[in-house]
Amino acid sequence: MAAALATTAHAQTRTGTTAAASNTIEELVVTAEKREQSLQDVPVAVSAFTSEKRDLIGVNTITDLTNFTPGLEYNVQNDRNTLRGVGRNTNVHAAEGSVAIYSDGIYTSSTTEAGKTPLFVDRIEVLRGPQGTLYGRNAIGGAINVISKRPTDDWYAEVRAQQQSFNYRVLEGAASGPTAIPGVDFRVGFNWTKQTDGWFENSIPGQPDEGNIIDTKYVEGQLKFKFNDRFDGWMKLAWQDWHNQGGGPGSRSTWYPSFFPVYEASSGGIAPNSGYGCLPTSQTLVRNISAPGGLTVAQACHNAGLDDARKFTSDVPYQVKLTGTMVFASEWNYHFDTFDVKYIAGGTHYNYGLTGPTPVQQAPLLSFQYPLFTRAGVLPGATVFPRYAFTYHEALNWISHEINIASTDKGPLQWLAGAYYYDEHYVQPVSTQLMDMGAPITRGPFLANTCAFTAQCPLPAGNNRIYDDRPELTTKSRAVFGQIDWNFAEHWKTTVGLRYTWDKKFGSESLRLLCADVAACSGGFGPEVVGNFLIDLTQLPSVVSGLVPGGPGAPGAPGAQGVSSLSVVDPATGFATRRYNANWSATTGTLGLQWDPEPGTMAYFRYSRGYKAGGFRIGIDTVLGARPITNPEHADAFEIGLKKDFGRTFQANIAAFYYKYNNDQIPLTVAQTAGGLGQPQSIFFNIPQAVSQGIEFETVWQPIEHLQILANYSYLDAHVTRGDGVVDPADPAALDSRAKPDISFAQCQAAAGSASACSTDIFTAPGAFFINPDGTTVPVQSVIGAGNGGFQRPQSIVGSHLPQAPKNKVAIDVNYTLEFGPGSLIGSVNYVWRDKQFGSIFDRSYYEAPSYDQWDARLTWKDRDNRFTVIAFVKNIFNDVGFEGGAGAGRQAGVVPAYVVGGNGLTATPVLSRGSPFNTGADQAIATSYLITPPRTYGVELQYRF
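Counting from 1, position 671 in the sequence shown corresponds to residue 1762 in the numbering used here; the numbering is continuous, with no gaps.
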């Protein structure tokens, strides 16, 4: 189907194109192998989309792109992509994606470039499988090429306007043509996109709805140079600005069908949990509970997501900003008699900011008052203001340089050689703050001096931050590469390519970690005893790693490779800073054989070796962990394919593949289950070995004139073949019926007190309770069985699916053209079905997103002279709930004072708070969340070409 989704790469320069031409089978020229070739001649699995076909069948977003690209998945909220089960599983910039994005030849870490409208993008090429020679940087899963529309030699101008449901509006335009300088052409364009009504309804009066509420602007300018017959060039400068309220990458697109947690503080928590105010006051003795928007406490404590997938309950809104972001790209060519020299240079200044609630699932209570237990009795105590938010920032600057020297003669031996250099520096600070708390959060004082390394704890900065992590890292990458294509016999060609890559990452991470009003931080004395308080945890070796020579997370310690300094505390700011430095290298390449027995038929075999550099798990959700490093990924991929034209009416592209995939970098949070001060440890787990195998069909059929049918099917089996010793963050005790623990509870009990003892899980041990939102409790042991629980048990993950890898995917589009004297009317209907997929390396029901399907339709009118186009459309006709990836899940574990669950005194009692209602039995405290597709949208687009 890749060729079917295009007319020609040079369609933008043609005039007088007939209205019907957009649904004929025509040749597509691509640059997938860094030289112009017909797509049907490229011995690689490639899906390609021109701007014309995107308009015709409705490929307007990256999610639409995934519908018609076998193996491709995309998560809008986190801006992560996956190709054939190989992809990006984290937003930590110190470890990168596995599918390389190139916009006009310049590497970028964000997939959003592929989401630009067809007015700006000439075509998109998705290369499936490791591109270890020509696209070496992080192309272990594949590469996505985004090629801009370029300046034209003749005058051209176009404006487009769109109005959709949810008050979504687009206004954009472009102009191109010659300048007053001979040999210099220009192109300018702008886009303004705004939506004011959200896809998700907030149940709190006065609080904003969310979901794609955006206000984005994009402006670009280009120049094309032809200095003489041998020397030409091109450059582009683009500017972007987002001021979004609950829309865009990072914002809300998740459905949370779960109860708010009702413990006093979460396991390892550093702030009070607002949901504690939802329990009956007769149990907690809490009073003066304040709810927002005139709601009753009961109304505020009910999560609207339990009733409707497109409703939520939150008093901390998301905001997304992208300011001052500039993108530069350029290409310079010198044409010798038998070869070309091409220099590609560019870079980006990127400045992104995000704020929102943390955790996302928090009951929207503004304040409540604790009891104060004294010798004289129970008195009114401290008031807490538990609204909790995060602030996230990415400031990146990167540049890249690439030089290619490629043969241009017509001989049997074609060659290409090149060199590449990439330099990136970023800062990625993230902090959490109690939004409404005053003293002591703002300026202290501290309840106790816990700062042994600085004698006294420096006062807080006054910004209500209790977690403040500031990583900065520099990445440098260098590579040399070459590829030879040799037609050694009639109809036969072989390809050999090699690339050597060297990557280096170095930088630092600074952390300040405080704790407010949580009893575990003060030796068991909560606000019920000492009132509001603040504790500094930054200098406690049991919480923050790397403070002590030879200790966990220090240079030379197990798992601390790449750590180049101890965590050193600044006595003025209280921040602990640790430095990192590591490098990796690899030789990758490709070996292929191609057979062209007749025109319109091509079969190929391809072996590719892929590589992705190692990195660090720093920032976002870490506390200077003990095991920050991750090893590099490698893949050996084998593929056979057939590209066949059956006359001019049917085209089929088929690819079958097998990958041996080593060290997939999976982010895991090792749950803190022993109670006390210990923090969860965020790590990268390298899956020792996985397999990705499958078959993909892309077809286009034109049975009669004006009728075209596009049909894709892909089968993907991506699973783990070696891997154990992994703890499920949602089920640390491995109680689920499908769990495959490496050790039994009896063995854990027998090893207690020894060096090989299992980690304790107090939340499944005797004395722990399941607690419901109404305050009723059930002993955990009565549900899981006596003798079970009490320990954290690692598991085998052999046989588990890789995340974001649906086994089956189907996409069909049927379009028909009616010709009239004034123009043509094209109707297009498409259908997409995706299989279930998992959001984790554990095949569990709580990580599973169900299969779903979606119907879309479009009606396009084009006048005979191709001056104007009118498109009416509806997406998700039946308003179904679809899923943009596997589900997320977490165990809602925390503590309450003993008296709340019928005990005596204030001793912290472990509880598991009710999660999603469909998770039952031992899993009943697990809360599941789903990234869901947009609701039904409809609208009209007008295009006018001058």
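Careful, some of the hints might be misleading.
List of simulated lysine to any residue pairs, SDA-like, C-alpha gap at most 25 Å [said to hold, decoys possible]:
| id | residue 1 | residue 2 |
| --- | --- | --- |
| 1 | K1584 | W1423 |
| 2 | K1751 | G1573 |
| 3 | K1402 | F2009 |
| 4 | K1125 | T1243 |
| 5 | K1595 | K1501 |
| 6 | K1412 | G1573 |
| 7 | K1927 | V1901 |
| 8 | K1125 | Y1512 |
| 9 | K1125 | V1587 |
| 10 | K1898 | T1790 |
| 11 | K1751 | K1501 |
| 12 | K1898 | G1766 |
| 13 | K1125 | F1427 |
| 14 | K1927 | T1152 |
| 15 | K1285 | S1201 |
| 16 | K1501 | W1423 |
Hints listed in this document are in silico derivations from the structure and should not be mistaken for laboratory results.
Computed from a predicted structure; not experimentally measured.
Hint check:
Distance restraint check for K1584 and W1423: the Cα-Cα separation of roughly 30 Å exceeds the 25 Å cut-off, and the hinted pair is therefore not satisfied. Among the hinted pairs, K1751 with G1573 is consistent with the structure: their alpha-carbon atoms are about 24 Å apart, no more than 25 Å. At most 25 Å may separate the alpha-carbon atoms for a hinted pair to count; K1402 and F2009 meet this at roughly 18 Å. In summary, the hint linking K1125 to T1243 is supported, as the alpha carbons are separated by about 22 Å, within the 25 Å threshold.
Using a Cα cut-off of 25 Å, the hinted pair K1595 and K1501 is violated, with the two alpha carbons roughly 40 Å apart. At roughly 41 Å between alpha-carbon atoms, K1412 and G1573 are farther apart than 25 Å, so this suggested pair is violated. Taken as a hint, the K1927 and V1901 pair is honoured in the structure, with Cα atoms around 13 Å apart against an allowance of 25 Å. Using a Cα cut-off of 25 Å, the hinted pair K1125 and Y1512 holds, with the two alpha carbons roughly 17 Å apart.
At most 25 Å may separate the alpha-carbon atoms for a hinted pair to count; K1125 and V1587 meet this at roughly 15 Å. With a C-alpha separation of about 19 Å, the suggested pairing of K1898 with T1790 holds against the 25 Å cut-off. Simply put, K1751 and K1501 have alpha-carbon atoms about 37 Å apart, too far for the 25 Å limit, and the pair is violated. The straight-line distance between the Cα atoms of K1898 and G1766 is roughly 39 Å, outside the 25 Å bound, and the hint therefore fails.
About 17 Å separates the Cα atoms of K1125 and F1427, which keeps this hinted pair within 25 Å; it holds. For the hint pairing K1927 with T1152, the CA-to-CA distance comes to about 22 Å; that is within 25 Å, so the pair holds. The straight-line distance between the Cα atoms of K1285 and S1201 is roughly 21 Å, inside the 25 Å bound, and the hint therefore holds. Straight-line distance between C-alpha atoms of K1501 and W1423 comes to about 23 Å, which keeps the hinted pair within the 25 Å bound.
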